[in-house]
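J.: Here are the chains, one letter per residue:
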Amino acid sequence: DSGVTQTPKHLITATGQRVTLRCSPRSGDLSVYWYQQSLDQGLQFLIQYYNGEERAKGNILERFSAQQFPDLHSELNLSSLELGDSALYFCASSVNSGWGETQYFGPGTRLLVL
Amino acid sequence: GENVEQHPSTLSVQEGDSAVIKCTYSDSASNYFPWYKQELGKGPQLIIDIRSNVGEKKDQRIAVTLNKTAKHFSLHITETQPEDSAVYFCAASSAPVGQFYFGTGTSLTVIP
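Read top to bottom, the protein sequences are chains A and B.
Residue 636 in the numbering used here sits at position 23 of the first sequence, and the numbers go up by one each step.
Residue 604 in the numbering used here sits at position 98 of the second sequence, and the numbers go up by one each step.
Fair warning: there could be bad hints in the mix.
[As the list claims (entries may be wrong)] No more than 20 angstroms apart at the CA atoms, straight line, and that leaves these computed lysine to any residue pairs for SDA-like:
(1) 548(B) with 620(A)
(2) 528(B) with 637(A)
(3) 543(B) with 670(A)
(4) 548(B) with 652(A)
(5) 528(B) with 575(B)
(6) 543(B) with 715(A)
(7) 548(B) with 616(A)
(8) 548(B) with 670(A)
(9) 543(B) with 625(A)
(10) 548(B) with 665(A)
(11) 543(B) with 616(A)
(12) 548(B) with 724(A)
(13) 548(B) with 618(A)
(14) 548(B) with 655(A)
(15) 543(B) with 725(A)
(16) 548(B) with 637(A)
(17) 563(B) with 637(A)
(18) 548(B) with 693(A)
(19) 670(A) with 575(B)
(20) 548(B) with 683(A)
(21) 563(B) with 650(A)
(22) 548(B) with 720(A)
(23) 577(B) with 620(A)
(24) 670(A) with 538(B)
[Said to hold, decoys possible] Have a look at the derived ranges for each label pair, beta carbon to beta carbon:
(25) 672(A) with 514(B): 40 to 48 angstroms
(26) 588(B) with 664(A): 40 to 48 angstroms
(27) 725(A) with 584(B): 14 to 22 angstroms
(28) 534(B) with 709(A): 17 to 25 angstroms
(29) 618(A) with 567(B): 46 to 54 angstroms
(30) 588(B) with 655(A): 19 to 27 angstroms
(31) 666(A) with 575(B): 21 to 29 angstroms
(32) 523(B) with 682(A): 45 to 53 angstroms
(33) 587(B) with 664(A): 39 to 47 angstroms
(34) 507(B) with 666(A): 31 to 39 angstroms
(35) 562(B) with 655(A): 22 to 30 angstroms
(36) 535(B) with 676(A): 40 to 48 angstroms
(37) 666(A) with 584(B): 41 to 49 angstroms
(38) 587(B) with 654(A): 24 to 32 angstroms
Calculated from the structure, these hints are not laboratory results.
It should be emphasised that the depicted structure is a prediction, and the values quoted were computed from it without experimental measurement.
Note that beta-carbon positions come from the ideal geometry of N, C-alpha and C, so glycine has one too.
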């Protein structure tokens, strides 16, 4: 158990809908990272937040957004969902945001868009 | 940006044999190289990492080597056991924001 929690574990929804994925980092970790894992794309970095502020952006679509709250939990919002958004979404956390920070991954949320 | 390539995509070994997974990276600024193990239905778990100022690191049956000149790093698992069966990912990261670029994964099967 990494200490990172994610809810829900599974999510089934329809195209065009909007969903929110939640992540609670390990106690004391200030950085949260979001990743998308699909069969054809592998693990793709989406976005990083550090202490409430956006720190780095990866391959995140404009339909997706995220935020980190004062209690350091984070939410990833996915809107206008398409079939291709079906994937595993992982959250990871680290103590700070500098280079070489070990990232600890949560168990993931499996999203299925029908 | 960084491009990380990982080989092989699948690997089967007999229990007790060694397994080697190789990754190459493109950005010479990358300075941190973790390896993750992902079991079915779980998130990636860090198993070992190496920084650019070190050429080799070992932790029991697992070792990682780094060749900065050639821009490649490898994971070595000795005396493999069935519980080593999983998907292994390499990653590369560089200062200052720590964005990770992952390899495409290697599915390792250890045959009892």
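J.: If a hint holds in the structure, say so; if it does not, say that too.
T.: Now for the hints, and whether the structure bears them out:
A hinted pair counts as satisfied when its Cα atoms are at most 20 angstroms apart, and residue 548(B) with residue 620(A) qualifies at roughly 14 angstroms. In summary, the hint linking residue 528(B) to residue 637(A) is not supported, as the alpha carbons are separated by about 33 angstroms, beyond the 20 angstroms threshold. Restraint check for residue 543(B) and residue 670(A): not satisfied, since their Cα atoms lie roughly 24 angstroms apart, outside the 20 angstroms limit. For the suggested pair residue 548(B) and residue 652(A), the alpha carbons sit about 15 angstroms apart, so the restraint of at most 20 angstroms is met.
Taking the CA atoms of residue 528(B) and residue 575(B), the gap is about 15 angstroms. The hint holds against a cut of 20 angstroms. This hinted pair checks out: residue 543(B) and residue 715(A) have alpha carbons roughly 14 angstroms apart, not beyond 20 angstroms. Taking the CA atoms of residue 548(B) and residue 616(A), the gap is about 13 angstroms. The hint holds against a cut of 20 angstroms. Taking the CA atoms of residue 548(B) and residue 670(A), the gap is about 24 angstroms. The hint is violated against a cut of 20 angstroms.
In summary, the hint linking residue 543(B) to residue 625(A) is not supported, as the alpha carbons are separated by about 27 angstroms, beyond the 20 angstroms threshold. In summary, the hint linking residue 548(B) to residue 665(A) is not supported, as the alpha carbons are separated by about 27 angstroms, beyond the 20 angstroms threshold. Restraint check for residue 543(B) and residue 616(A): satisfied, since their Cα atoms lie roughly 16 angstroms apart, inside the 20 angstroms limit. Between residue 548(B) and residue 724(A) the alpha-carbon distance is near 14 angstroms, which keeps this suggested pair within the 20 angstroms criterion.
For the proposed pair residue 548(B) and residue 618(A), the alpha carbon gap of about 12 angstroms is at most 20 angstroms, so the pair holds. With a C-alpha separation of about 15 angstroms, the suggested pair residue 548(B) and residue 655(A) falls inside the 20 angstroms cut-off, and the hint holds. Restraint check for residue 543(B) and residue 725(A): the C-alpha separation of about 24 angstroms exceeds 20 angstroms, so the hint is violated. Between residue 548(B) and residue 637(A), the direct Cα distance comes to roughly 16 angstroms. Compliance with the 20 angstroms bound is thereby established for this hinted pair.
Under the criterion of a C-alpha separation no larger than 20 angstroms, the hint pairing residue 563(B) with residue 637(A) is inconsistent with the structure, at around 31 angstroms. Our distance criterion of 20 angstroms between C-alpha atoms is broken by residue 548(B) and residue 693(A), whose separation comes to about 27 angstroms. Using a Cα cut-off of 20 angstroms, the hinted pair residue 670(A) and residue 575(B) is violated, with the two alpha carbons roughly 29 angstroms apart. Restraint check for residue 548(B) and residue 683(A): the C-alpha separation of about 28 angstroms exceeds 20 angstroms, so the hint is violated.
Between the alpha carbons of residue 563(B) and residue 650(A) the distance comes to roughly 28 angstroms, so the proposed pair goes past 20 angstroms and is violated. Only pairs whose Cα atoms come within 20 angstroms are accepted, and residue 548(B) paired with residue 720(A) is accepted, the gap being roughly 5 angstroms. Between residue 577(B) and residue 620(A), the direct Cα distance comes to roughly 38 angstroms. Violation of the 20 angstroms bound is thereby established for this hinted pair. For the suggested pair residue 670(A) and residue 538(B), the alpha carbons sit about 19 angstroms apart, so the restraint of at most 20 angstroms is met.
Distance hint for residue 672(A) and residue 514(B): a CB-CB separation of about 25 angstroms, inconsistent with the stated range 40 to 48 angstroms. Between residue 588(B) and residue 664(A) the C-beta distance comes to about 42 angstroms, which sits within the given range of 40 to 48 angstroms. Between residue 725(A) and residue 584(B), the C-beta spacing of about 39 angstroms breaks the proposed range 14 to 22 angstroms. For residue 534(B) and residue 709(A), the hinted distance range of 17 to 25 angstroms is satisfied, since their beta carbons lie about 24 angstroms from each other.
In this structure, residue 618(A) and residue 567(B) break the distance hint of 46 to 54 angstroms, their C-beta atoms being roughly 30 angstroms apart. For the pair residue 588(B) and residue 655(A), the beta carbons lie near 25 angstroms from each other, so the given range of 19 to 27 angstroms is met. Take residue 666(A) and residue 575(B): their Cβ atoms lie about 37 angstroms apart, and the range 21 to 29 angstroms is violated. Range check, residue 523(B) to residue 682(A): about 48 angstroms between beta-carbon atoms, so the 45 to 53 angstroms window is met.
Between residue 587(B) and residue 664(A) the beta carbons are some 41 angstroms apart, a value that agrees with the proposed interval 39 to 47 angstroms. Between residue 507(B) and residue 666(A) the beta carbons are some 22 angstroms apart, a value that contradicts the proposed interval 31 to 39 angstroms. For residue 562(B) and residue 655(A), the hinted distance range of 22 to 30 angstroms is satisfied, since their beta carbons lie about 27 angstroms from each other. Separated by about 31 angstroms at the C-beta atoms, residue 535(B) and residue 676(A) break the suggested range of 40 to 48 angstroms.
With their beta carbons about 43 angstroms apart, residue 666(A) and residue 584(B) fall inside the hinted range of 41 to 49 angstroms. For the pair residue 587(B) and residue 654(A), the supplied restraint of 24 to 32 angstroms holds, since their beta-carbon distance comes to about 31 angstroms.
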